[in-house]
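J.: Those protein sequence lines, which keep their order, are chains A and B.
Going left to right, the first sequence walks through residues 1 to 592 as this note's numbering numbers them.
Going left to right, the second sequence walks through residues 593 to 768 as this note's numbering numbers them.
Among these hints, one or two may not hold up.
Said to hold, decoys possible - Result set (DSS-like, lysine-lysine): computed pairs, CA atoms no more than 30 angstroms apart in a straight line:
#1 Lys342/A - Lys401/A
#2 Lys553/A - Lys747/B
#3 Lys3/A - Lys747/B
#4 Lys356/A - Lys747/B
Claimed, not checked - If you want the footprint, here are the derived chain B segments under chain A, 3+ residues with CB under 8 angstroms:
#5 628-636
#6 669-678
#7 732-745
Since the hints were made in silico from the structure, they are not lab data.
Just so we're clear, the structure is a prediction, and the values are computed from it rather than from any experiment.
The beta carbon of each residue, even a glycine, is placed where N, CA and C say it ideally should be.
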Amino acid sequence: MQKTQVIVGLGSCGVAAGAGKIYETLKSLKNADKLDFELKKTSCVGMCFREPLVEVIDENGSFLYGEVTDDIAVEIVQQHVIGFNPVRDYIVKADLFETPDKDFFAGQIKIALRNCGYIDPESIEEYEARNGYKAIKMVAEKGLTHEAVILTILDSGLRGRGGGGFSTGMKWRFARNNASAEKYIICNADEGDPGAFMDRSLIEGDPHSVLEGMIIGAYAIGATGGIIYCRAEYPLAIKRLEIALKQARTKGYLGKNILGIEGFNFDIYVKEGAGAFVCGEETALIASIEGERGMPRKRPPFPAEKGLWGKPSNINNVETFANVPYIVLNGAGSFNKYGTEKSKGTKVFALAGKIKHGGLVEVPMGITIREIIFKLGGGIQKNKEFKAVQLGGPSGGCIPKHLIDTQVDYDQVNATGAIMGSGGMVVMDETTCMVDMARFFLDFTQKESCGKCTFCRIGTKRMLEILIRITEGKGEDGDIEKLEDLAQQIKDSSLCGLGQTAPNPVLTALKYFRHEFEAHIYDKKCPALNCKPLLTYTILPNKCTGCRVCAIKCPVQAISGEKKLPHLISQETCIKCGDCYSRCKFEAITVS
Amino acid sequence: MRVQRLALQLDKNKIAEEVDLNLLNPLIEKYKGKKGNLIPLLQGAQHIYGFIPDSVFRKISDETGVSLSDMYGVATFYAQFRLKPAGKHIIKVCHGTACHVQNATAISEALKEALGVEEGETTPDKMFTLESVACLGCCSLAPVMMIGENDTHGKLTGASAVKVVKDIKTKEIEHG
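Pulled out of the complex, with its shape left as it was, chain B reads as follows (with noise of 0.2 angstroms):
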């Protein structure tokens, strides 16, 4: 249930992420004072930084007056916000109804054995998130993945899925 993500993020360990907090002044301008601002402003500070820093709640929390317990409350409900940093590129997996019953499964297995990581984890480079989706909405292309914002790809298997990762390391590589 979505109560219990909240245990999830307690890491004590975390490093502390060194952001540029500036950045933020355009967007807490835009929506301070106004009400429901909330999710705008913390899905605006996710697309600034690719997840939301400690000193990031800290500061929309100082300027807009929003208590920090109420932010987190509302970043800790929604699938959608990251409290940690993400990989250059986020692989969503879809596990919609039509994708499960064309074994979805398979593709986040053969993913996680790509990549060497779990569901939600990062790759050590940093280059991959692996997670996995309710539904994409492209349910008769199933199985379904989506990298980045709009770059999906239907009718997978896992080898198909994996190489499609691969391509997209080997681009990288060679771009350095």
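Bound-form chain A, shown alone (with noise of 0.2 angstroms):
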């Protein structure tokens, strides 16, 4: 009889959720009792709602709780590892019989997340055990030729995963077709999106099967060298990477005449970014590895023709590296099955927001918006109402409630100006002002501008200068058609896509909410009660008890009244700061 099983996630959100106490606490009890069950550690299987996450493997298949705390830990020792009793109040997910968060994974299919949460990420065994680094194998063995790979690659439909969409079996064809005794591959990870995590969760779950896709890529393209280029923010991430690139240096699937393919010579290696969102554009993030500022490049001549130190080169995101060995192994038709006409396969998004099942999952194409968020993401918190999901972060844009309906697909989502993007999902709800989340990404974008095309540079500033007037109830008759004015020639004047994309958050919350744009600048309203300026505390004299706590607390002394006696907030030296809203126990004070 096989061991129990107890695994630990410990990706980074697992991690932050405490999960690491929980793995002590659980070695410390199999020491202690020196009991008889095998004790591993996971990453992410995409629940983050639910973390900490402890699963437990017996004879009787799986069973994952959620929210475990300590004294859960115990629990599940005592009475399951021990007892065999599982202890069903804490389960989540289980193969024997069903659960509340069943929804959660009954919609997904895991191609590119197909390890993650299953193997210990450290271990290249367990990457193995589950056909890993057989696609590799299998292209050595068969004698595959490069052109083989790229047309299985072109079959499968597979299209860029970090946002752009382009075919990664074209790209590679490029890549081959330029002749050089020098090539690089690429591996993008330097997920800047903020909202999105999914590279992140990714390669600390899973980052032999990014390397893997690496190799084949680099096998089909002739490439000589790889670099991963990954976000510094991501420590885990790279502590990862590098434990698995010496694993594969060691099992030959790394180094010269690898698995035996005579004169594949190939290695990979990590370089930290630094922190600038503009590197993940292509050519910034190549003028980044050569060591310069990060600031894009034209192009032509595009990367597949002169790349890194000028030479061609091919850059992939972590997620379409993820895919390859899976669609190499199991041919193109398991993964263009998914899909729709021109969008194939799977993708993978990170849930955020004002969502009841925030984290990662992974939905064939053609799945509508409205199944993902309400069925896998479960609704929204507070069971408030849906307003909106911004895809495609600083690049994308909102999709309204009157659009719930659309397809994941690529020319789906672009028709309603936002764009897939790396897959960063955050929903809305009816507190979220959109002239707000205008702001706010004009405020990343413009602090993220590299500076060297004059519109993204001054042209953002002047639009976050606009919009931060009408967030404070300053806004002018006029603002509106300055907005659209700026964004246009932004759009219109920049090089690279950080500034041809910057004003489309702006453009679709103009499109979709452009009533709350007047609200603000006509009635000097906020709709969703979220702009500061814009709001009046009142106290209510029924509900007011006279506890004093928020005229002491107040700092401008704006509120007056007697102990025991109902309050008054004096509205001309009101500054709004909400800190007596935030202090009253007796819901005594309103917002309008």
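With the hints as a guide, bring the two chains together.
T.: Next up, the structure:
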């Protein structure tokens, strides 16, 4: 009989939720009583909303416990591991019976995330045990040509998962056709898009699938060197990549004459980014690897002709590479059987914001946004009203409620004005102000603009100033038109994707929520009650107990009144900081 | 925009920092003459000193031949590099989209008030530096902050964030 396994999810979000401590608790329990079970680590299974997660696998299958505390961990060991009696109250997923969270997994098809949460990411053996490195071995054993590999990827319909959506097979073919003794294959893991964490989870959970994808890509295009450009903000991902690289070298998946393929010499190293969103743009990324300021260059020449160090280079995103071994091993049909006519396969999304089940999901293309948010995601927190969903981060836009049945497909999403992006999906409810969101994104792109193109450098600044003015209640007639005019000019006159797409969040907000802008400008009101300068705080005399807490804490002494009698806020003095509102225990203060 | 940071860094009254430049030797040895070495050199230097002092710029420039202006250009372009000493604990409050929607501003405001510093500043006792970052990638636990390299805290409120910081401070005082 196999030993019972106890597996703790130790991805970044698990650790943030306290999984490290749970692991230590389990370890000390095991050691103290010399218990006979196997304690293992894995990464994120995507169920971030139930972290910390502990999985117990015994002869009856798998039982996943969610929101585990120290006490629950003790209970799991005593009742389940020793007593063979699963503690049903805390189980969020099980093979044996149904759980309330089953919908989170029911709609998913895991290709890129096939191993995330199922293997120890620091063990190459566990990756190999789940068909790992079988694809590159198959290429070597069958003697598949470069062209055959490229054709498989072309047939699969795989498109760039970083957001661009360009055909991966085509990209590889371009790089293949540029003859050079030196070529590079680069993995873009500079996931700078705020609100997205697919790449982090993927690398933390299954680094070898990315490496294998790169090795296959290197074989296909004839690359001599590989680089993974990873954000410095992801220390755990970098650590696991380094471990994986070492293991792959020891096993001969990297190095000289890989797997006996004569002349196939290839190795990969990790390059740490230094914190610049624009480096997600491929020419800026190349400049950064070369040790320069990460400023985009003119295309053409495209990296496939003249990239890193002037040599042909191919850049793909983490998720794109993670799909490659699966496609090569199982054939193009295993991938393109999912999806729509022009968008094949699956896509990973990071669900965040005002959604009940925030986490990582992989769904077939063609699924509607409604299904993702309300079925997998469980709907909106506190059952509030859904307002919009933001896709594509600072380069994307929001999709409003009436378009929630839009299918997840590159072209359909583009038609709404948003973009597929890398897969960040931030859900907003009635309390989110769309003008404030537009300001938030412009603030981000304005700070991250590299400064090369005038329209992007100064135009975003001017747009931001207007948006700040509007959220402060100082908006003027004509501001909306100015925003639209500037947006068009920035789009037309910027060199790279950052500038060309920077106005998108504002444009989609104007397209679908123009009335909110108008309410701010003409009525000096924020319908979502979010923009503080536009709010009025008043005390309800019938609810106020005269406890004086708000009056004492008010930073500008705007609240007056006798003890145990209703108080009053002086609207002239009030600076609308909202302190009284958050302090009042009797709900006696209202905002309008 | 990124070019603006230049002006902010030209602090004429900066006190000369005394650092042991010999610590740099192995780093320079490792990267000298390699192409694309500038960012790893600066990252390594910051790893040693916690920030990049003037004298370090000069030494690297002297020994590798990279011009000071090139180095300064790179150091001021990337958000990661610090030209001023930081506190023992660096608090990074996430201001990604998900955290913004979940009111990350309140976290920053509460910490500013509790520590008595503005964003980017260090407390007088050199214990904490308060920073804001674009995204830590723990979006489903928003709002999030990270202290140091791997101590991440999620689902915060202003009060709970302040408590985390105060607990660290108490520990520091206890351990002298």
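J.: State for each hint whether it applies.
T.: A quick look at each hint next to the structure:
Taken as a hint, the Lys342/A and Lys401/A pair is honoured in the structure, with Cα atoms around 25 angstroms apart against an allowance of 30 angstroms. Restraint check for Lys553/A and Lys747/B: satisfied, since their Cα atoms lie roughly 25 angstroms apart, inside the 30 angstroms limit. Between the alpha carbons of Lys3/A and Lys747/B the distance comes to roughly 36 angstroms, so the proposed pair goes past 30 angstroms and is violated. Our distance criterion of 30 angstroms between C-alpha atoms is met by Lys356/A and Lys747/B, whose separation comes to about 13 angstroms.
Remark: the stretch 628-636 of chain B is confirmed as covered by chain A, as 7 of its residues place a Cβ nearer than 8 angstroms to a Cβ of that chain, reaching the required three. Proximity of the stretch 669-678 of chain B to chain A, defined as three or more residues with a beta carbon under 8 angstroms from a beta carbon of that chain, is established by the 5 residues found. Requiring three or more residues with a Cβ within less than 8 angstroms of a Cβ of chain A, the coverage given for the stretch 732-745 of chain B holds, as 8 such residues are present.
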